[in-house]
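**Student:** Residues per chain are reported as follows:
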Amino acid sequence: MKKLLYLMKDHLKECILAPLFKCLEACVDLIVPLLMARLIDIGIGGNNTSYIVKIGILLIVLAACGLALSSVAQWFSAKAAVNFAANVRSKAFSHIEHLSFSKQDSLGTATLITRLTSDVNMLQTGVNMTLRLFLRSPFIVFGSVIMAFTVDTHAAWIFAAAVPLLAIVVYGIMAITVPLYKKVQARLDKVTQATRDNLTGVRVIRAFNLQSSETNQFLDQNEKLTQQSKHVGLFSALTNPLTYILINLATALLLYVGAIRVNVGALTQGQVIALVNYMAQILVELVKLANLIVTISRSIAAGNRVQAILDTPIGMQQSESPAQTDREGSVDFDHVSLTYEGGGDPALSDITFKAEPGQTIGIIGGTGSGKSSLVNLIPRFYDVSSGSVKVDGVDVKDLPMADLRQEVGIVLQKPILFAGTIRSNLQFGNPDATDQEIWQALKDAQAEDFVRQKPKQLDEAVEQGGRNFSGGQRQRLSIARALIRKPRILILDDSSSALDFATDAALREAIHHLSYHPTTFIVSQRVASILYADKILVLADGRLMGEGTHEELLKTCQVYREIYESQIKKEDMAQ
Amino acid sequence: MSIQKNKKPVDKASQIKTLKKVLHYIKDYRWLLIGSILFAAVVCVLTLWLPILQGQAIDKIVSKGNVDFKGLVHILMIIVVTVLITALAQWLQNLVNNKVAYHVVRDLRNAAFKKIEQLPLSYLDAHPSGDLVSRVIADADQFSDGLLMGFTQLFSGVLMILGTLIFMFSIDWIIALVVVILTPLSLFVARFIASHSYKHFRRQSEIRGQQTALIDEMISGQKAVQAYGREEDVCKRFDDINDRLRDTSLKATFYSSLTNPCTRFVNSIVYAAAAIFGAFLTLRGRITVGQLSSALSYANQYSKPFNEISGVVTELQNSIACAARILELIELEPEKADPQHPVTVDHFDGKVDIDHVYFQYVPERPLIQDFNLHVKPGSKIAIVGPTGCGKTTLINLLMRFYDVNKGDIKVEDTSIYDMTRRNLRSGFGMVLQDTWIKDGTVRENIAMGRPDASDEEIVTAAKKAHADEFIRRLGDGYDTYLTGGGDLSEGQRQLLCIARIMLAMPPMIILDEATSSIDTRTEMLIQQSFDKLSNGRTSFIVAHRLSTIRSADQILVMKDGNIIETGNHQELLKKGGFYAKLYNSQFQQS
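Which chain is which? The protein sequence lines are C and P, in order. Here the first sequence stands for residues 4 to 578, numbered as in this note's numbering. Here the second sequence stands for residues 123 to 712, numbered as in this note's numbering.
Okay, chain P solo, but in the shape it has when bound (with noise of 0.2 Å):
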């Protein structure tokens, strides 16, 4: 991913592409973005006309006895009404830029997480979330700032240039000439700058990367290294890329802090030169002093739109590359739309039918082939085998959170594929070892599959998950607010989960690994609940202790995506063969 990230579509075709797209996002707010245009123009127009007012107001203060009051408060009276009217389009421009960058990006944050919610899993189990989170939020702010900010700038600054010219030769073409040859020096010098101060920046970058690793894993990895006393080894490790970071960035920070000198020295020769010019030409009588004023003006804010500019090109890269990274997300392929006109199945019996399924993650990895598996009603299934077997994968086919290659599954009789998922889904119940709890309260989380349980229902259930104890004991009972369930230990996560399904009582159910934490007698108390829960309801259980599995209807022993051995305890330790060897395995001396 991180490739991806760094990959900035350079090429023209393609930043047009993503142009078109977001106009897409802006076409609603195409009145207001031609009120800032207009804004913008007005705001232009009229902070280029003071220096010429202020010019015109100094030509009526002579000398001594030579001063023309009445022309001078005329005008002044003109630069008061053109000041309020700058300031007020200005502040408008700004109110209405802000509504427009704050709307696209709420649109396009919508946006997104309604296509993350539609996501086939396929594509999230692939990209780590810290992507995607960065795309909506970091990429969908960068947008907004840079797309629409640079682009109310880019009009100013292009106005600005356009208008500083015509004022400057509206009063002479001389320094205006002067002005308009001596100004790209700047430019040049900050270019120059910029490109040789870039390589630093990128070595910067690059160390910057390394020493974040070594933090990252020096820290995560802490106690490894507190526990073999190799702290002063790491330290040094540390300090010798914390000593490259500082030679290259103290020449970053150097090199590119020198732009903001040389330019200004460029535009102080640029001014000198302005006022000899304008000098000359006021003796010879062709401009007034206040003309001459309004010159050096001109002379000293000519260039900065020019800089500006420059910033902002870089800035729209950026922010289209920005777009791009979100764009991409909310144009993502959703997963499979569920069939027109579905079956819908009202009651779940628990008869569950897999035929010849074949599937795979990746093409040429074949994970299940041919799998076949029928459970009656109300039977308990248990799957076993080591790591990497395909146990999690056939959850993942049941629930439809992967589709098959080949073959059906069946649910009462009914392809899952015939069905929308949400009514499949509502047949199941499901926990899975990686527990996810969500901010908000216990009873929040708890009440997730049925927010309309009552608060009796809801402890009933944390009572049967063994779940009750350890809540009362937080802080607020049962409206203690978790975030991410950080303060909470692994185990009482999973209690946490149980008690949601404990409390939705699906007709189906689903766990994996689900008590992998939690202490083997409260796993079998937990087992007793289950017991007379999953009375009448089928359940699947995938588990690594063999004490969880023994009293399953059926035991399926998978081994490299396929079922190697079925059958239940007994029949399986009789049969010798690999269940056999795993639970016997158990007991062996050392």
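For reference, chain C alone in the conformation it holds in the complex (with noise of 0.2 Å):
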């Protein structure tokens, strides 16, 4: 929470008048009880109609002072709470956008959302809270103590006891309560969990005649949460009766002592109504107390999520001299190895290769075999573990990132849209792309036809995702929007898995013909796919098992003898 506090510090001035307001409000109420003591002991006792009448004008001026002073507070701290959330949440999102891909996947982006949105919200909502009240409930309750003692030591000695005592009940009954109320939302995690799962194995849990042993074991994880909330209840029903039967049994010793000391002449009767006053603020203010622990416990978890995520470093230096390269499209690897942070075994080993400019690089292996991991160390999104990755000749952790990433066009495995239209997605990649560039784009990655045959072409809608364009279609606009870059680099990281092989074909063709010659990286899984490349890397366990010519390998690389054989047999070749 510390990191977060500091960003409280632009807030400073508000968080300071907002308690302050809010402790001179409750001045006020503070006063009330003494008021109504005295238009009690003088107004009725004296007679005295005009005094009724004056503290009766004080009543509403009182009044009137307090709505102002709480308005403000309210507004210092509505302002503080809004700002605050406002610059956590720029500050957290922008430093997720900035995390290094290693960071990333170790963060793991399922909660950051919830992070973002009902994380902050929820801190925005305690910082209100506890600007308003934090202060101002302890301050009710010990003001009324201590008005209890200018009033009448003899009987304060009752609230200097009922105080801690109510505290205890209060506060001891939340300490049992809360760890049982967190294993109720584990069971309540459960149960949907068990919805969930078995919304989306639907068909498997059919296939294999399931549902009854599904629907006992729902049944008996419902109950068990049932039970588990019944229990909680138990302890949490306690609360208001034990603090009702408390503050009312205060007030009757109170009355007893009160009347003691009236018959001595050491206290009025509308003394005695002012304690019973006092008394009866102490019980709201505690339940309001006890209430704003729990938002502020809660805050807090939230806030200690938030901040794990400004705790992550980004995880990459940046290299601040812009290195000047003679912007080719050589790719150098040396030595490479790389292991993912959080352990396991190396993701690359010793990969040593040269990429010339505009050569086709094709890289095949199997399932885990470092494909992807290789090429992305070429626009840095890890680091090398050991050894270097040369663009240009230069080190890639020499080159402002920028820079990098503005020669390297890559294509993910899975294609990322964003909401917008076509023309927005493709200038995604560049920002200054005409009509026309965008038309050429989508020409070489076979996208065009399909676009063309949109009502508004270019203007056609993308949803979030891309979801209303099938798997194939995605994938060549995601394509196009890395040609569109006319990048240097051109790497496809098995881009083209839901695309038949005719078109499959054609894309690879028009690739070749690029009029700026990229160096083109193309990873599958497909042998065709890599067929006629320059140059193939065979990997398998993060280790380079050939290099060289289709034929070549052919003849001098086991792995990918049994690659190419398990997919293309003699025969067909003779076809």
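Among the clues, some could well be false.
Partial list, derived from the structure: chain P residues whose beta carbon lies under 10 Å from chain C [claimed, not checked]:
{"id": "1", "residue": "Q137"}
{"id": "2", "residue": "K139"}
{"id": "3", "residue": "Y151"}
{"id": "4", "residue": "F191"}
{"id": "5", "residue": "L206"}
{"id": "6", "residue": "A209"}
{"id": "7", "residue": "Q344"}
{"id": "8", "residue": "A346"}
{"id": "9", "residue": "F402"}
{"id": "10", "residue": "L418"}
Each computed DMTMM-like pair below joins lysine to aspartate or glutamate, with the alpha-carbon atoms no more than 20 Å apart [as the list claims (entries may be wrong)]:
{"id": "11", "chain 1": "C", "residue 1": "K106", "chain 2": "P", "residue 2": "D338"}
{"id": "12", "chain 1": "C", "residue 1": "K291", "chain 2": "P", "residue 2": "E430"}
{"id": "13", "chain 1": "P", "residue 1": "K498", "chain 2": "P", "residue 2": "E457"}
{"id": "14", "chain 1": "P", "residue 1": "K528", "chain 2": "P", "residue 2": "E486"}
{"id": "15", "chain 1": "C", "residue 1": "K186", "chain 2": "P", "residue 2": "D263"}
{"id": "16", "chain 1": "P", "residue 1": "K358", "chain 2": "C", "residue 2": "D435"}
{"id": "17", "chain 1": "C", "residue 1": "K417", "chain 2": "P", "residue 2": "D556"}
{"id": "18", "chain 1": "C", "residue 1": "K193", "chain 2": "P", "residue 2": "D561"}
{"id": "19", "chain 1": "P", "residue 1": "K473", "chain 2": "P", "residue 2": "D540"}
{"id": "20", "chain 1": "P", "residue 1": "K221", "chain 2": "C", "residue 2": "D223"}
{"id": "21", "chain 1": "P", "residue 1": "K532", "chain 2": "P", "residue 2": "D460"}
{"id": "22", "chain 1": "P", "residue 1": "K358", "chain 2": "C", "residue 2": "E100"}
{"id": "23", "chain 1": "C", "residue 1": "K193", "chain 2": "P", "residue 2": "D229"}
{"id": "24", "chain 1": "C", "residue 1": "K227", "chain 2": "P", "residue 2": "E430"}
{"id": "25", "chain 1": "P", "residue 1": "K237", "chain 2": "C", "residue 2": "E100"}
{"id": "26", "chain 1": "P", "residue 1": "K703", "chain 2": "C", "residue 2": "E512"}
{"id": "27", "chain 1": "C", "residue 1": "K94", "chain 2": "P", "residue 2": "D556"}
{"id": "28", "chain 1": "P", "residue 1": "K426", "chain 2": "C", "residue 2": "D435"}
{"id": "29", "chain 1": "P", "residue 1": "K237", "chain 2": "P", "residue 2": "E457"}
Don't read these hints as lab results, they were simulated from the structure. Backbone N, C-alpha and C define an ideal beta-carbon position, used for all residues, glycine too.
Make one complex out of these two single chains by using the hints.
**Tutor:** Pasting the structure below:
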């Protein structure tokens, strides 16, 4: 939380003024019982009608003061809380957007959305409530005790005893129930999970005829949840009755002690009423405080989750000085090894090869052999564990990130499109692209035909994630987005897997004839996709098993031969 | 769906209809509810009586030497007993309410879950699972909290108002009248503020929705954002929305936070007025000081139940909306019941006949038309074709996830519509492209199709699926607990699903792109296992990779819901049609 609280410094003024005005307003609340005591003792006791009117007017003036003071306080606390939350959101979002890939992987993107939305909202509520109540409620509790002492010391000792007792009851029950509520939440999560599982796996469950056993498991989980909820309920149901007993017994005792003090002339009747009123105020404030503590502890938990984002280091040092290169598009891997954070076996071990400008490099290998890891090193999505990756003869670590990524057009394995239009998605690759350039990129990516068929052409809406396009269309659009940058280095990371063979072949043909001749890396599981590359890299378990042209590899590399034969049999080649 | 979510059944008629249905679920707990109401009544009356008692006690304490201790102690004793009874009644009421609320929500969830297990897939496929989950979980909670708690709160609130009125009038009608006339002011003020902050709140949730959408999109697409170096741009877009959110949020928060000070201000005025009037009445000797004190504490708490009730009413409306959503789910039409007198097929040889089948998901888009297929026992059928051609649909029909519109499907010469679904599905083993891993251990996941399988059998099945190797590398081997399978790669998940089938050894096999994420070498090895397994078994294989389908006895080439070519690999290549074109495109020189 510390770092987040540090962000509060921008709103220091509001953070001081809000509680201050709240406490001033609380003073009004504290004066009222005393005024009532005077009204009874002097006004009624002394049969003084003008005094009664005077007190009445004073009460109304005080009420107006209270309204003004607390409105000002609400304004400051709302301002502090809302601005703080906006500030946190902006910082956290920007931090996330700049995290390196390996940090993104370790943070896990699934929870980030809730952290940025509901957790920050919780934080906002927490700050708001804290500013309003955290000082005010104890102020009134202790203020009431002190006022009681100014009225009568003997009677006030009842306050001094009742307040800690009440505090023990309220917070004692909380201490018991809060951990129990966490257990309820855990049980609820299980029920949620069971429901979700049954919806996503409905075909498998029905195929295996598991409906009745799944239902029994659910009933069992649900029953456990119910029992756990009732168990907590047993304790939390005690809060109200117990505080009610305590406060009213204290009041009864107060009346009795008050009676003794009145009898000896140390107190008046009005003062006894004032004391009873103070007691009632204390109860109200303690209940508010208990609620506030729940809110605060939830906000702290939310705050810690948000803090964890900001605490995650960005993960990569950027080079400041722009290195001048001649931008040709050569790529050099020099004894490169890569081990992902979080341990495990190295994803890549001792990879060395060179790609000349304009060459086409095919990369093939089994699942988990390190193909994607290898190409991800070129735009420096990850830093190597040892060795070096050079682009145009310069270590990628010495190139400014923006310059490097400007040079590299990478099409990721999973095509990512954004809500907007086809045009806006392509301009994501190059904001200055003209319509003519966009059409050219679409044509090269074999996407022109289906875009032409859309009624609105380039202005056709793209839904979030591109879900209104088929898998193959999404892949082609994201290829077009890379092509529109006219990159020196083009990387296709298994990005045509959803295309049929004919379209895939046409795509490779088009890329081969691009006017700017990028150095092209094609990652694929299909031998056919890389068959005619200038150089093929064969990977297995993160190691380079072979390097060369198709013909060379067939002779020298057993792994390649196996892959090849598993896909294309000799007899077919004859055809 | 989002439209449906926001749609609140505002019209009274549908609210009442929902309430009636809700009563059905509460019916079993009616005695508890009556108990709750009785306890609430006790709490109300005694709580209201307390200020009177305190007032009487104060009247015993007049001035120096003028204190009636005997009378005072008597009243204090009554106060103590009253307080204890009130507290007990409060506690019992809480317990009863908890029990009713938790049990009703449990019953609703059970009913909803049972319904989900029976819903036709056409419904489940068309509705996002997140929405159904939120009905079962969040709506059920909201309903029990809101409706049941709201109900007792409403009851106590009304009772409190009536009680306070009676007690106040019993003290003095003038003070009572002052309070009754002035109090609505605070309600008016609260309503005024609420209606003015409402539009800011609505705007706030609109902008919040936009922001969440942006966050969702940019975080899931973050790698693309960075690959294209567009971080600053995206942050700027975020900050734009964030600034707008901040502005409306500040207005909404501030305006709504004025409610409390304003209503308190009105209450203070009521209090002051009651004090002045009361004081004059006391001077005239119409009431005692103790009664004045009682009247003032009534004046202080009179507006509270009003505010609570207005809160409860919105809460109630909200929870009726939630109840409607969960009831809508519970009342959905389940899939067509199994035939009353089903034909039982005990032994599956693998003979499948599809006769003149017509099928469409949506009426206006006919998909499969006059589809015929006759499969001999033990043959291997491969289905190829472009995306959306109806390959997966065929499987939906075979497994009876969907029913044909016209025509018939027969297994072992028995119409699948004359069998129970259970009987039919027990004949098939199915692996889908979208793998599904249940929360549980690897062992449990493999044993899904045969829960009684021995450990040895499970390991053997995993070995056949070439999953044994990676399973052993997991932290706890076969006892590794998988949470939704998120910790496995797509290929590993597929291997695990294949192991399930290897264990269950069903008479007929359906593989829908089951090896799409597995590398070709492993796939080849699995293929050999399958060939052994499927020896004598009928199998249906949907695949993209032509290498997977080459050895099929019969290849169905589908396009636009129809079979355009059939034959084995060699025959189809000779034919030189669509299949041959697809196949040869693999080897084109680029």
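**Student:** Against this structure, judge whether each hint is valid.
**Tutor:** Hint check:
The restraint placing Q137/P at the interface with chain C is violated, with a minimum CB-CB distance near 27 Å, outside the 10 Å limit. Interface restraint check: K139/P against chain C, minimum CB-CB distance 26 Å, threshold 10 Å, status violated. Among the interface hints, the one on Y151/P is violated; its C-beta lies about 13 Å from the nearest C-beta in chain C, farther than the 10 Å criterion. For F191/P, the interface hint holds, the least distance from its beta-carbon to any beta-carbon of chain C being 7 Å, beneath 10 Å.
Because the beta carbon of L206/P sits about 7 Å from the nearest beta carbon in chain C, less than 10 Å, this interface hint is met. Given the 10 Å rule on beta carbons, the hint for A209/P holds: about 4 Å separates it from the nearest Cβ of chain C. Nearest Cβ of chain C to the Cβ of Q344/P: about 6 Å, under the 10 Å cut. The hint holds. Hint status for A346/P: holds, given a least beta-carbon distance of 4 Å to chain C, under 10 Å.
Below 10 Å, beta-carbon pairs count as interface contacts, and F402/P has one with chain C at about 7 Å; its hint therefore holds. With a cut of 10 Å, the hint placing L418/P at the interface with chain C holds, because the nearest CB-to-CB distance is about 7 Å. A hinted pair counts as satisfied when its Cα atoms are at most 20 Å apart, and K106/C with D338/P qualifies at roughly 18 Å. Proximity of K291/C to E430/P is assessed by CA-CA distance (about 16 Å); at most 20 Å being required, the pair is judged to hold.
Taken as a hint, the K498/P and E457/P pair is broken in the structure, with Cα atoms around 30 Å apart against an allowance of 20 Å. Proximity of K528/P to E486/P is assessed by CA-CA distance (about 16 Å); at most 20 Å being required, the pair is judged to hold. Note on K186/C and D263/P: the hinted pairing holds, with a Cα-Cα distance of about 16 Å set against a maximum of 20 Å. For the suggested pair K358/P and D435/C, the alpha carbons sit about 18 Å apart, so the restraint of at most 20 Å is met.
Taking the CA atoms of K417/C and D556/P, the gap is about 15 Å. The hint holds against a cut of 20 Å. A distance of roughly 10 Å separates the Cα atoms of K193/C and D561/P; the hinted pair therefore holds under the 20 Å criterion. Of the supplied pair hints, the one linking K473/P and D540/P holds, its CA atoms being roughly 16 Å apart against a limit of 20 Å. This hinted pair checks out: K221/P and D223/C have alpha carbons roughly 18 Å apart, not beyond 20 Å.
A C-alpha spacing of about 16 Å is found between K532/P and D460/P, which places the hinted pair at or below 20 Å, so the restraint holds. For the hint pairing K358/P with E100/C, the CA-to-CA distance comes to about 11 Å; that is within 20 Å, so the pair holds. Pair hint K193/C plus D229/P holds up; C-alpha atoms about 17 Å apart against a cutoff of 20 Å. With a C-alpha separation of about 33 Å, the suggested pairing of K227/C with E430/P is violated against the 20 Å cut-off.
For the suggested pair K237/P and E100/C, the alpha carbons sit about 42 Å apart, so the restraint of at most 20 Å is broken. A C-alpha spacing of about 17 Å is found between K703/P and E512/C, which places the hinted pair at or below 20 Å, so the restraint holds. Restraint check for K94/C and D556/P: not satisfied, since their Cα atoms lie roughly 37 Å apart, outside the 20 Å limit. With a C-alpha separation of about 62 Å, the suggested pair K426/P and D435/C falls outside the 20 Å cut-off, and the hint is violated.
Straight-line distance between C-alpha atoms of K237/P and E457/P comes to about 10 Å, which keeps the hinted pair within the 20 Å bound.
Checked against the numbered hints given earlier, the structure breaks hints 1, 2, 3, 13, 24, 25, 27 and 28 and satisfies all the rest.
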